[in-house]
Amino acid sequence: MALPKANRLKSRKDFQAVFREGTCRHGSYITLRALRPSSIKKPSDNVESTNSVLLPIKIGISISTKVSKRAVVRNRLKRQVSAALHQLLPLLSPGWRLVVVVKPAAAESKCVTQQFLQELEQLLAQAEVLNGHS
Numbered sequence: 000m001a002l003p004k005a006n007r008l009k010s011r012k013d014f015q016a017v018f019r020e021g022t023c024r025h026g027s028y029i030t031l032r033a034l035r036p037s038s039i040k041k042p043s044d045n046v047e048s049t050n051s052v053l054l055p056i057k058i059g060i061s062i063s064t065k066v067s068k069r070a071v072v073r074n075r076l077k078r079q080v081s082a083a084l085h086q087l088l089p090l091l092s093p094g095w096r097l098v099v100v101v102k103p104a105a106a107e108s109k110c111v112t113q114q115f116l117q118e119l120e121q122l123l124a125q126a127e128v129l130n131g132h133s
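According to numbering that gives the first Met the number 0, the sequence shown is numbered sequentially starting from 0.
Read the hints as simulated data drawn from the structure, not as lab findings.
Remember, it's a predicted structure, so these values are computed and weren't measured experimentally.
Quick reminder that beta carbons are idealized off the backbone N, C-alpha and C, glycines included.
Each hint should be verified, as a subset may be incorrect.
Calculated pairs, DSS-like style, for lysine-lysine (alpha carbon to alpha carbon, straight line, at most 27 Å) [claimed, not checked]:
id: 1; residue 1: Lys-102; residue 2: Lys-12
id: 2; residue 1: Lys-65; residue 2: Lys-9
id: 3; residue 1: Lys-77; residue 2: Lys-4
id: 4; residue 1: Lys-65; residue 2: Lys-109
id: 5; residue 1: Lys-68; residue 2: Lys-102
id: 6; residue 1: Lys-65; residue 2: Lys-77
id: 7; residue 1: Lys-9; residue 2: Lys-68
id: 8; residue 1: Lys-68; residue 2: Lys-109
id: 9; residue 1: Lys-65; residue 2: Lys-102
id: 10; residue 1: Lys-109; residue 2: Lys-12
id: 11; residue 1: Lys-77; residue 2: Lys-109
id: 12; residue 1: Lys-65; residue 2: Lys-12
id: 13; residue 1: Lys-9; residue 2: Lys-102
id: 14; residue 1: Lys-77; residue 2: Lys-9
id: 15; residue 1: Lys-102; residue 2: Lys-4
id: 16; residue 1: Lys-12; residue 2: Lys-68
id: 17; residue 1: Lys-77; residue 2: Lys-102
Computed spacing ranges between beta-carbons, pair by pair [claimed, not checked]:
id: 18; residue 1: Arg-69; residue 2: Arg-35; range: 18 to 28 Å
id: 19; residue 1: Lys-9; residue 2: Thr-64; range: 12 to 22 Å
id: 20; residue 1: Glu-107; residue 2: Leu-53; range: 35 to 45 Å
id: 21; residue 1: Lys-109; residue 2: Leu-54; range: 14 to 24 Å
id: 22; residue 1: Gln-117; residue 2: Pro-55; range: 22 to 32 Å
id: 23; residue 1: Lys-68; residue 2: Ser-37; range: 35 to 45 Å
id: 24; residue 1: Ser-10; residue 2: Thr-30; range: 35 to 45 Å
id: 25; residue 1: Ser-37; residue 2: Val-72; range: 14 to 24 Å
id: 26; residue 1: Gln-117; residue 2: Ala-1; range: 19 to 29 Å
id: 27; residue 1: Ser-10; residue 2: Leu-88; range: 12 to 22 Å
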């Protein structure tokens, strides 16, 4: 299941900001890059109003050709990660910018959605993105 359009990280500039300024958490199949909402610079006249508005969480998924040369494999992995993120979406704090980078080990070990879900939940808790920091 794909992520809602409001929750997708799309532009190259947004991806670069997360990679440049965000924190990094490593797992065996996934690397998570997270940018806190306070670090995001928004052009605005009124600073007080931007603090009260909660921006939706934006998530991007990055899978290199180093993971697999075959697009079929990369697309399958992307769908699995997306499905796992879709289940975790209600638990995430608003305003964060996340990039999920899939490692080559995920393609080699034939990961399933449940493994991605478990590892993502662990990495999100480490990065303090989950709403209870469990």
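Now the hints, each set against the structure:
{"no.": "1", "hint": "Lys-102 / Lys-12", "verdict": "holds (22 Å)"}
{"no.": "2", "hint": "Lys-65 / Lys-9", "verdict": "holds (21 Å)"}
{"no.": "3", "hint": "Lys-77 / Lys-4", "verdict": "holds (16 Å)"}
{"no.": "4", "hint": "Lys-65 / Lys-109", "verdict": "holds (15 Å)"}
{"no.": "5", "hint": "Lys-68 / Lys-102", "verdict": "holds (13 Å)"}
{"no.": "6", "hint": "Lys-65 / Lys-77", "verdict": "holds (14 Å)"}
{"no.": "7", "hint": "Lys-9 / Lys-68", "verdict": "holds (23 Å)"}
{"no.": "8", "hint": "Lys-68 / Lys-109", "verdict": "holds (15 Å)"}
{"no.": "9", "hint": "Lys-65 / Lys-102", "verdict": "holds (8 Å)"}
{"no.": "10", "hint": "Lys-109 / Lys-12", "verdict": "violated (32 Å)"}
{"no.": "11", "hint": "Lys-77 / Lys-109", "verdict": "holds (13 Å)"}
{"no.": "12", "hint": "Lys-65 / Lys-12", "verdict": "holds (23 Å)"}
{"no.": "13", "hint": "Lys-9 / Lys-102", "verdict": "holds (20 Å)"}
{"no.": "14", "hint": "Lys-77 / Lys-9", "verdict": "holds (15 Å)"}
{"no.": "15", "hint": "Lys-102 / Lys-4", "verdict": "holds (25 Å)"}
{"no.": "16", "hint": "Lys-12 / Lys-68", "verdict": "holds (26 Å)"}
{"no.": "17", "hint": "Lys-77 / Lys-102", "verdict": "holds (12 Å)"}
{"no.": "18", "hint": "Arg-69 / Arg-35: 18 to 28 Å", "verdict": "violated (36 Å)"}
{"no.": "19", "hint": "Lys-9 / Thr-64: 12 to 22 Å", "verdict": "holds (20 Å)"}
{"no.": "20", "hint": "Glu-107 / Leu-53: 35 to 45 Å", "verdict": "holds (39 Å)"}
{"no.": "21", "hint": "Lys-109 / Leu-54: 14 to 24 Å", "verdict": "violated (36 Å)"}
{"no.": "22", "hint": "Gln-117 / Pro-55: 22 to 32 Å", "verdict": "holds (25 Å)"}
{"no.": "23", "hint": "Lys-68 / Ser-37: 35 to 45 Å", "verdict": "holds (40 Å)"}
{"no.": "24", "hint": "Ser-10 / Thr-30: 35 to 45 Å", "verdict": "violated (20 Å)"}
{"no.": "25", "hint": "Ser-37 / Val-72: 14 to 24 Å", "verdict": "violated (37 Å)"}
{"no.": "26", "hint": "Gln-117 / Ala-1: 19 to 29 Å", "verdict": "holds (21 Å)"}
{"no.": "27", "hint": "Ser-10 / Leu-88: 12 to 22 Å", "verdict": "holds (20 Å)"}
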